[in-house]
Amino acid sequence: MKPLENIPSLAYFTPEILLVIFAAAVIILDLLVKNRESQKVAYLALIGLGSALVAIIVTNSISASSEPVPLFWGMIQLDGFAVFFKILLLLATAATILFSLRSEELDAKLKGEYYALLLAVTFGMFLMASSTNLLMIFIALETVSLTSYILAGFLTHSPRSSEAAFKYITYGAVASGTMLFGLSLLFGMTGTGDLSEISDQLVILLAPEQETPLVTPLALLISITFILAGIGYKIASVPFHMWSPDVYEGAPIPITAFLSVASKAAGFALLLRFFYTGFADTKIMHSIDLGLLLAIVSALTMTIGNLAALPQQNVKRLLAYSSIAHGGYLLMGAVLLTSGNAAIVERGVGAIIFYLIVYFFMNLGAFYVVVLIANEAGTEMIDGYRGLSSRAPLVAGAMAIFLFSLTGIPILAGFFGKWILFTAVLEGKLYWLAFVGLINSVISLYYYARIVKVMYFEAAEDTDKLSFSKGTFALLSVFVVPTIFIGLLNIFYSLSGNIRLQ
Amino acid sequence: MSLQHYLVISSILFTLGIFAVLTRRNAISILMGIELILNSCNLNFAAFSRFVTPPENIDGQIIAIFGIVLAAAEAAVFLAIILAIYREFGSIRPDEVDTLKG
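Sequences listed follow chains A and B, in order.
Residues in the first sequence are numbered from 1 upward in steps of one, following this note's numbering.
Residues in the second sequence are numbered from 1 upward in steps of one, following this note's numbering.
Don't take each hint at face value.
[To be verified] For lysine to aspartate or glutamate, the following EDC-like pairs were computed, each having C-alpha atoms within a straight-line distance of at most 20 angstroms:
#1 K283(A) to E380(A)
#2 K101(B) to E104(A)
#3 K101(B) to E380(A)
#4 K34(A) to D79(A)
#5 K283(A) to E197(A)
#6 K2(A) to E67(A)
[Claimed, not checked] What the simulated footprint calls covered on chain A by chain B, stretch by stretch (three residues with Cβ under 8 angstroms from a Cβ of chain B suffice, anywhere in the stretch; the number is not a length):
#7 134-141
#8 180-189
For the record, the hints were derived by calculation from the structure and aren't laboratory data.
Computed from a predicted model, the values in this text were never measured in an experiment.
Every residue, glycine too, gets a C-beta built ideally from N, C-alpha and C.
Just chain A, same shape as in the assembly (with noise of 0.2 angstroms):
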């Protein structure tokens, strides 16, 4: 399909338009409302998210044609790839305000930016999920890491808070300035942004018979190493995770929830998009050895990051490692896109589109306990956690099913997310990078188990029963019901599919 010009594509930009407008509606009546009100403000915001997302759909469904729809003359382009992702990063966003009205964490007064920043990150991780050009990418990367900087450091007179920005900010800036580096040496060795013109261009100057002195191999690994830093550090892989930890349990506990989701499934949409597009022809991928790259990368990234998880003390500092793990899991399925063959390249987007599905629920439901012990019984560390099964019943079982879903424990959601990821690194015939996977599981069990251990056979200091409202248990079934059901959902979707190839 040919690209749409500016005008005709406003139409298609809705859901963005409208989180932008909403994003200012929320600034002023932050003003308007007295301070006592300020949930007044994160209902704005919850109905902006909800008409953005009624927007995705009806965007949706006049694009009509299964066919891409290019906006704005190339720079972004609407797809299925980019509506799911979409509706992934939204409702991450709603679950976000919920957990933050909910804590006790965040300053009342200054809600109303609060509120419009997220907004704002929200409408950079759509343009992420959905950036075909160069500039746009690097415009939608920086949208989401600026705000992303503010939300971490955004409880004022907490030391915590504001290190943790710091360091965020240091480590993002490099990243990133050394992203555009690398995507300005992309720029130069091909004279074109769009990344399927790249490609076009690539697959001609890589070609053996031409004589290129600007274009080799090894400086297009370069540009790409330097532009895997600016992503890597979104999707927090090893060597640019050494920020996570630190910012994930300096940030409000919302905001970790949101980084170590929202920001990740972003990261995600921005590397299958900028690889499948830009890189995965046959004829560029024989040239460099991207797939090993990858590959090690990681392998590296969940092995560091569930070495490390194990001392933890601290539970938001346990989940930025975990975080960190499942992110090098998720990567096992993007090295699928390097193999060159078309139904294994399909198979290692659905496997890691499936399993960022099952991460949402149980990543985001472990931070809600988070929030929930925090309010309640105001502290993070492992330790307080002690006989939660008889203070809190029915948090303590919810927050088992999330950890065990994490591990990956068969019957719950986790271990279907695993199961087609591994499968389909099987098939593509990674065997070590799959066994690598699967004694990390078997390592992940050990700190996962260890804080349902002191839940259910540490007796606590402080016996008193923790109180919480209907609509705590509302959103928390809102996670624990797909946790559970998510993976026997798949087995009958994965029994119909063989019913239909036999």
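Given chain A, work out where chain B should sit, using these hints.
Only chain B this time, still in chain A's reference frame:
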């Protein structure tokens, strides 16, 4: 001046930026290092736009202009965060702002 001259200068700027970020013990100097990195990228884009793409195609220069804008936005946020850590820690030396560990 050929393309190579510009690329050499931008590589030197980039390396100096990384070097400054790694060695400086002051948040403001780190910010200056980051600005060097971003400006080396802008120089690259402008040079490629002049030497690689046809003259009527100004994509590279446009990207360089956006790069300048984003560098300014990043500097604003960075300085605000430096103010915040100065308020909390009374210092802007990164080695003193290090309570989160493990």
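Status of each hint after checking the structure:
1. This hinted pair does not check out: K283(A) and E380(A) have alpha carbons roughly 51 angstroms apart, beyond 20 angstroms.
2. Taken as a hint, the K101(B) and E104(A) pair is broken in the structure, with Cα atoms around 24 angstroms apart against an allowance of 20 angstroms.
3. Proximity of K101(B) to E380(A) is assessed by CA-CA distance (about 15 angstroms); at most 20 angstroms being required, the pair is judged to hold.
4. A distance of roughly 42 angstroms separates the Cα atoms of K34(A) and D79(A); the hinted pair therefore is violated under the 20 angstroms criterion.
5. At most 20 angstroms may separate the alpha-carbon atoms for a hinted pair to count; K283(A) and E197(A) meet this at roughly 15 angstroms.
6. The straight-line distance between the Cα atoms of K2(A) and E67(A) is roughly 11 angstroms, inside the 20 angstroms bound, and the hint therefore holds.
7. For the region 134-141 of chain A, the proposed coverage by chain B is satisfied: 4 residues have a C-beta within less than 8 angstroms of a C-beta in that chain, meeting the threshold of three.
8. Using a Cβ-Cβ cut-off of 8 angstroms, 7 residues of the region 180-189 of chain A lie near chain B, which meets the minimum of three, so the contact claim holds.
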